[in-house]
Each structure stands twice: as structure tokens, then as C-alpha cells.
Amino acid sequence: MGRAKDALISGIVLLLRRRKPRPLGPGERERVVPPAPDNPGWELTAVLLLLAGAACAIAFVVVYVLDRLPAHTQLLGLSLGLSLLFIAAALIVTAHRLIVTEELEDDYPVLEHPEEQELIVQVVEDSGLTRRRLLKLALLTAGGALTAAVLTPIASLGPAVDLVRFYATPWRRGTRLVDEHGKPYKASDIEEDNFYTAFAEGSDKEALPSSLVLVRLPKGSLKLPRELAHYAAEGIVAYSKICTHAGCAISLYRAPLFQPDEPTPALVCPCHYSTFNPADGGTVTFGPAGRKLPMLPLLVAPNGELRAGGNFDQPVGPSWWGVRERKPRT
Amino acid sequence: MKRAFLITALAVLCFPLAAAADPVQQGYHLYGRYCISCHAAGGKGSAGRPVGAGRLRTQGQDTGIGPSLIGVGALAADFYLRTGYMPLPHVGMQPRRRHVFLTEGEIKALTAYVASLGPGPALPRPRPERGTLTHGYHLFTERCAGCHQVVAEGGYVTGALPPPLENATPTQVAEAVRIGPYVMPTFSKKDISDRELDSIVRYVEYAKHPDDRGGWAIGHIGPIPEGFVTWFIGMTALVAVCVVIGKRLQRG
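One line per chain: the protein sequences are A and B, in this order. In terms of my numbering, the first sequence is numbered consecutively and its last residue is 330. In terms of my numbering, the second sequence is numbered consecutively and its last residue is 582.
Keep in mind the hints are simulated off the structure, nothing from the lab. Wrong hints could be hidden among the right ones.
[As the list claims (entries may be wrong)] Heads up, simulated PhoX-like pairs for lysine-lysine below, C-alpha to C-alpha not over 25 Å straight-line:
no.	chain 1	residue 1	chain 2	residue 2
1	A	LYS136	A	LYS186
2	A	LYS183	B	LYS519
3	A	LYS292	A	LYS219
4	A	LYS219	B	LYS520
5	A	LYS205	B	LYS520
6	A	LYS5	A	LYS136
7	B	LYS374	A	LYS183
8	A	LYS186	B	LYS520
9	A	LYS205	A	LYS183
10	A	LYS186	A	LYS205
11	B	LYS374	A	LYS219
12	B	LYS374	B	LYS438
13	A	LYS219	A	LYS186
14	B	LYS519	A	LYS219
15	A	LYS292	A	LYS223
16	B	LYS519	A	LYS186
17	A	LYS205	A	LYS292
Extracted from the complex, chain B is given alone in its bound form (with noise of 0.2 Å):
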């Protein structure tokens, strides 16, 4: 009787140390709070109504339904978690970079979660120094440039706004391109390869505080706005230029 009791009491005394110790199994709990309203139960995915809400969900936004999990591995639990992009708070919303409420354990319990579900994709590891930053701009400018600007400022396309990279680590930029979050395109590794990733995540990196030579940049959203900073400020500043020459000369 002794004997059971202590056995009894260790097991209860242990049971949350190893629970927290086995981050799928701490995971696993989080999962039930945060995504299973719509990513349903063992990550199966939904396309109907889901079975609870979540913290940021409210009564009237329960009709919830998202993509099955199995598969898709550490790289986007990582990515869609780091950056804020999941839990959604409307369904049906374009996720954006928003403050993450999770700390680091709890990230690391939920990617470990999902990776669990089936096999997927690991965390990539780009090594921007291994790239070229010649190739990464051609890249970039072929493959990207198009929705999200020469140097990463982000713009848009037709429901949808491609965010602006400068927020994002080469890490999360690694994992975007194999997922293609939202309405972006996926690439693979035939064709984007590892190496021409890193050359990419490079350029990005570089792109954050680029080199510029002409002096204000004006948030480098292109040639447009450039021109209407010529038309409407160097213009006007010059036709001022001009008047006041034009008095002084009048009053020689």
C-alpha cells in the first residue's frame, strides 16, 4: 500500500516534467487551443465548421476551415508561427506579419507537433555567404521582383498584397519560397535550387538597407513617384528659385 502510493505520487509528481520535456506531446495541447478549429483534429484539414475557437476567435467567426497539416512539415509550422501569420483571426483573411503571442518553447512544441503528422520538409538552413549577390538581384528580379518590387518593398497584385521582405529572416524568406504562402507561387528545388536560394536570400538581406547612390530614396517604390517628386517638389522649388532671382534683378 505504501509502496503504490509512492509510486502513484512520483507518477503524478513526473507527469508534467515529462509532458514538458516532449515538446510533440506539449504540442500537441497547444494545437487543441490554437488550430484545430480549422485545421482539425490530427491536422486532417477542414472545409466545413469547425469544432471550437481559439484565443483571438470570437462567437460570430467560428465557421473555420483551412488546409490539411499532414505533410507539410517543420518548415511551414516555422514559418507561418514566426511569423505571426498563424492562428489567422478571420478566416478567409490574407495572413500578414503580425505580433506572435507564442513564446520560443511554445513555437518550437508546435512546429515539432506538426512535423510529427507526417513526413515533411525540415527547417531549411540558407547560407547567404555561400551566394552571390549579382545572381541572387537576377534572381530576384526574375522570379520575385515582379509582386514584391526590385528591392523588397512589397506591392500588389489583384486580391492580394505581396508583403515587403524587410521584416523577414533569411530563414522565413527560405521557407516562403518552398511553401508559397497565400496566392504566391511555390518553387522547388528543381527550380530554384539550394544554391540559388542562397544567392536570393542574400540579395533580400542586402535589399534591406540597399546602397543608395542618388541620395533620397523616396521608400524605393519606383520610377512614378520619383517623378512626381521631380514634377511637384523640384519644380516648384525651382520656379521659386526663379522668382526670386527675377526680384532681385528687378530691384538692381
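Chain A on its own, in the form it takes in the complex (with noise of 0.2 Å):
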């Protein structure tokens, strides 16, 4: 802790130590420009603004990060926007106060001339900053943080930061399967050939693990894993309504009037066709889809309405990278 603090205070010592003329060396020539003048209250200036700048550009990616705050998008703007705006001022002070100027009297000449061609470099090379060390540490701070809150938006390529609700649904044992009204189904009101969207009751329809596919497929028909053989009842069959590819709904299904020649019944994603078997515990037939579509257990009640017999055999929604490799809570 303590030798912390020493190379702290060292380190800050060093930054701003004044430093004196030297005598010319053995290479060094006469400056053109001369020294800069110290100018300590516009040296501060810029680098509190560049620090103003790195500090807005860290408040954006906290931003970014905390998802749910309200006017997400404006305090978004509002800090990316601050820490362009400070880091502007801050190089505009360095360049009207800080960096010496020394005008050259006489027009260029159009030819060459090595020697004031030598002569230009040295007033540029003279032209220098006072407590460059410092000023470029704030510079760099502010370019570091400004680039790292342009790229946090990368993490929107796939869910990275709030993954919890990722694996909460609302399906317990003896949920209630509702329609769109919020009027719960009956295993009388499935009917084959059709197929109906129910969500969960009391939920929010707009969350992704709430909606589901339901289908009653025809006797004999079902030919569910040993794992997954309790899940069907009365041969209706639920499924997420969420494509595990993109996360699409799946708004087709194929109902087969007369199986013997005709594909047999599937679900399909409007998407990119992906077609799911109903029948088998919603394995991919076609398309792009990864895995199968999550499978909910169904019971019926003894007043014959539908209802969910514990939570989904599988993670619901599109797979992103290792995302949806743990099951969903229970």
C-alpha cells in the first residue's frame, strides 16, 4: 500500500516537475522557435477536458451494460456525444494555447532548398508542447476510453451482458395455457390438423419462453424419445413458438390431409424454413436450425383444461455462442 503510493507520488512528481534549460550537446543546434513558455492554467484545462472526455466514454459503456435504464438510447447519445464534444475543446485549447507558433516571414520558394527545408522540420520539431509527457497520457486516456466505448456496442452481436432472464421462464408445474385473450385452452379445444399459439398465464406475452406451438397430431402418430415420451397428453404436443435459429415464430404448419403421399405434418419457421418434426420431440428436418425446438410438458386438469407439467426439456430461443448451453430453470 505504502510503496504504492510512493511510485504514485513519484510518478506525479516526475510528470510535473519543471524541467530546466540544458546546455546544448554535442548534436543539438539552436532552437528557431523559442521554448514555450509555461502556461500551467491551459495545460490543466486540457488535460481535465481529455480526462472529461475518457470519463463520458466509460459513462457510455456503463450505459450500455446497465440495459434497462430508462431513455437508454438518449443517455447513450448524450455520453458518447459529451466525450466527442470534450475532447474536441481539449484539442482545440492545445492548439490555440499550448503549441508555440513562429511564422516564417518569406514566401516559400518554389524550388527546392534543402537548407530551409531542414529549417521548417526544426521549427516543427521545436514547436513542441510543454509537459507533452502529461498532456499525451490524457490523450491517450481519452482515445483509450473513446475507443473502447465504440466498440462495446460489438457485444450487441449476441446477448453478452444480461443473460439471466435468458434462462427464467414462466412455465411451472400447472401453469395455465391461455390464448391471446387470456382465456385458457381446454385439450378439447385442440383439434387435429390445426394448430394454436398459447401462452403462459399471467405472463408477459412478449417474452420469449412465454409463447408456445400447440398441435394434436392423429393417434398413433406420436413417436416421442423414451425421455420425453410423458410430455405429449392426449397427443397434443407443445412447443416453444421461438425458432431455435434465429428466433423467429413459427407461424407454418404443415397438416397433411392424407398422410400416405403427402409430407408429413411439421412445424416451419417463416425465416429460413427451418422444419421442425412435431411427432419425434421437435427434431430439425430442414433448414438452418441448430437443435430442436424446446418441448413443454403438457397434463390436463380434471375440468379439461390444458396445463403445463413443469418447464421446457430444453433452453428457449435462437442459439448464440455457449449461450444456451445450460437447461432453463425449473
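Dock chain to chain to rebuild the complex, using the hints, since each chain is given by itself in its own frame.
This is the structure we're talking about:
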């Protein structure tokens, strides 16, 4: 702790110490531009502006991560805009107040004059900043923070920050299945060759895991794997309505009228034609989806209402890198 | 003897008239000609080898199978015959809208015969004027547009082609909703009431000639082709205009 404090103080002293004019060394020349006078007020201003820019850029990252702030978009815009504004102000202050200017009175000759070129190079070199290191450090901080702010939205290419809600679903044992008007479905409402959209009672219908697609399959056509065998109720099966490929709503049901010479029943996503087989637990039979459709166990209550028998067998929603490897919470 | 001869002659003369007058009887004969190879005698349906081949059937394709027609009613027969979905040229293909070679009288006779096979739904009588366009639009987007596209231009499902509805009459739309031809889902009266069906039919009628406020509709096939037109036609045109303007300025 003490050592860190010493290091910090010595660092600040090193940065802020006044440089004494040194005698010219063997390889050095006389300055063309006089060394810049110390200008602590403006130097401090520039440094503070750059730090303010860095702080705003960091604020952008923080706002981005805290996903559910009110006026989220406006705050993002404000923080990034202020950051750019502060950095611009710092550069203006540096240019106008801290860089020594030296005007050459003669017009530049048209032809090349090596000596004069050298002179110009020297003018540029000598017109250096005072407190060059401190300003550079502040500029680096501001630039780094701004870069971080600009790169942060890359995280939007897939969920990276708020993952908790992906594993929570509104389905518990006994949750009723309701239609879009909130009316509970009865098992007798579900007819063969038709498909129905159901939601968890009392849940947010916009939430990914809430919506289901319900179908009743002809007797004898269910071929569920052993671990899913108890998921169907009276031939009715329920799957998540959200395609595991890109998260579209599965709104197509292929329901053959005459099984022997027509395609088998299938749930089809209209976005990229991922096709799932409702008879065997929702396996992918065609299209880009990488994994099977999550299936929800069903129960029929004594009054005939359809209820969930538990949670999905798989995580709901589109599959991003690694995010959906865990099972949904029950 | 003379009397017996007269009665026989009368009976012989009257028989074709009687057959023509009774559509069920006429339909029975037509059924034997066009339908029996797949749907079997008496509309019992068949999952094996057919007994013969219809007019459109060729030698190699006589392994017809078809569902039972008992209880499908006049509704289904009218739909399949008037759209040209049946008779099907190849077993296993998706029925498509095609030229109807049966005459009006033959369709009526076949429909009457199929209706006589068992109690089934009668012809629907949709009344689009009773429905509302906005309600129809909502129902159509919810129940139909997934496959048929929002202005009923048709689309794709893996393994089948949902047809465009531009040539579907109101009665045919009402029939298809109740039958669910090929891989289309079947919607019972419990799910889509006759009143709701009126609204859907009204919307389908509207969608045949939609109101294109934006100008060129590009076949109403959605935002992606529209985007392609923007990029490949609109942008090219804009670049061309820029080049022309630039050249004129250079000259000036």
C-alpha cells in the first residue's frame, strides 16, 4: 500500500517537474522557435477536458451494460456526444494555447531548398508542447476510453451482458395455457390438423419463453423418445414458438390431409424454413436450425384445462455462442 | 304383346332421360370414370393398387392411393373439381389450380354423388359484404399470411407451395379454410366462425386488387425484393444521374 503511494507520488512529481534548460549537447542545434513558456492554467484545462472526455466515454460503456435504464438510447447518445465534445475542446485548447507558433515571413520558394526544408523541420520539431508527456497521457486515456465506447456495441451481436433472463421461463408445473385474449385452453379445443398459439397465464406475452405452438397429432403417429414420452397429453404436444435458429415465431404448420402420399406434419419457421418434426420431440428435419425445438410437458387438469407439467426440456430461443448451453431454470 | 313392346320401348327411351335428370346417377358414372382408380368404389378410399385408370392417367402411374370420400360432403367435391385440383395427374403431387375439363353439369353431378356417400358439410355460402375488411386483415395476417403472404400472393413451406389466391372465388376460399387441402391446416367452425370467415373472404377479395399507395408494387412479394430494387435499380439510376451532372459541370 505504502509502496504504491510512493510510486504514485514520484510519478506525479516526475510528470509535473519543471524542466530546467539544459546546455546544448554535441549533436544539438540552436532553437529556431523559442521554447514554449510554461502555461499551467491552459495545460490543466486541456488535461481536465481530456479526462472529462474519457469519463464520458466510460459512462457510455456503463450505460450500455446497464441495459434497462429509462431513456437508455438518449443516455447512450448523450455520453458519446459529450465525450467527443470534450476531446474536441481539449484539442482546440492545445492547438490555440499550448503549441508555440512561429511565422516564417518569406514566401516559400518554388524550387527545392534543402536548407530551408531543414529549417521547417526544425521549426516543427521545436514548436513542441510543454508538459508533453502529461498531455500525451491524457490524450491516450481519452482516446482509449473513446475506443472502448465505440467498440462496446459489438457485444450486441449476441447477448453478452444480461444473461439471467434467458434461463428464466414463466412455466411451472400447473401453469395454465391461455390464448391471446387470456382464455384458458381446454384439451378439447385443440383439433387435429390445426395449430394454436398459447401463452403462459399471467406472463408477458412478448417474452421469448412465454409463447407456445400447440398441435394435436393423429393417434399412433407420436414417436417421442423415451425421456419425452410423458410430455404429450391426449396426443397434444406443445413446443416453444420461438425458432432455435434466429428467434422468429414459428407460424407455419404443415398438416397433411392424406398422410400416405403427402409430406409429414411439420412446424416450419417462415424466416429461413427451419422445419421441425412435432411427432418425435421437435427434431430438425430441414433448414438452418442447429438444435431441436424446446418441448413443454403437458397435463390435462380434471376440468379439462391444459396445464404445463413443468419447464421446457431445452433452453428457449435462438442459439448464440455458448449462451444457451445451460438448461432453463425450473 | 303390342302393349309389352310399347312399355319396353318407352322404358328404353326414358332411361337416358331419367339418368340425365338424376345427378347422383350421372355422378356415379362419372365417378367410375375419373375417381374410382384412387378413391375406390363407393368412395371408401384406397391405400393400395387401383382398379383402373382415368382419362389423365397413363399406364405407368396406376398405383393410385386416395383418401376416403365418405362424409367429405358437397363442400370438398365442389372445391376440388372447380379448382381443377382433381383429378390429379400424378399420385403424390401437390394438387394445383389447372384447367377444368369437366362441364358445369358434370361437376354438379359428381358433387351430388360424393355428397350422397355420407352425411357431410354442404356448400358454404360466404357473404363477404357481412364481414369487415380490417377484421379480415387481422385474421388473415394471424392465420393465413404465414404461408399465403400478406396480400395472398402465395409462398413456400418446406415440401409444398401454398398457392396464390388471386383466382380463388369467395366460395373456394371458404371451402379451403374448412378442408385444409394438401398440407394446409384445417380450421373448424369452432376456430374460425362463419362470421370471421366472411371477413377473411372480404380481405382476400380486397387483396386481389390492393391499393398500392407506394406506386410500383413489385408483385407484393415483400420488403427484400423491394430492397433489391432500391439497390440495383434505384442506386444505379442515382449514380448515373450523378455521373451526368458531374460531366456537365466539367464541361462548364
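*Non-conforming hints, listed in increasing numerical order*: Hints 1 and 7 contradicted; others consistent.
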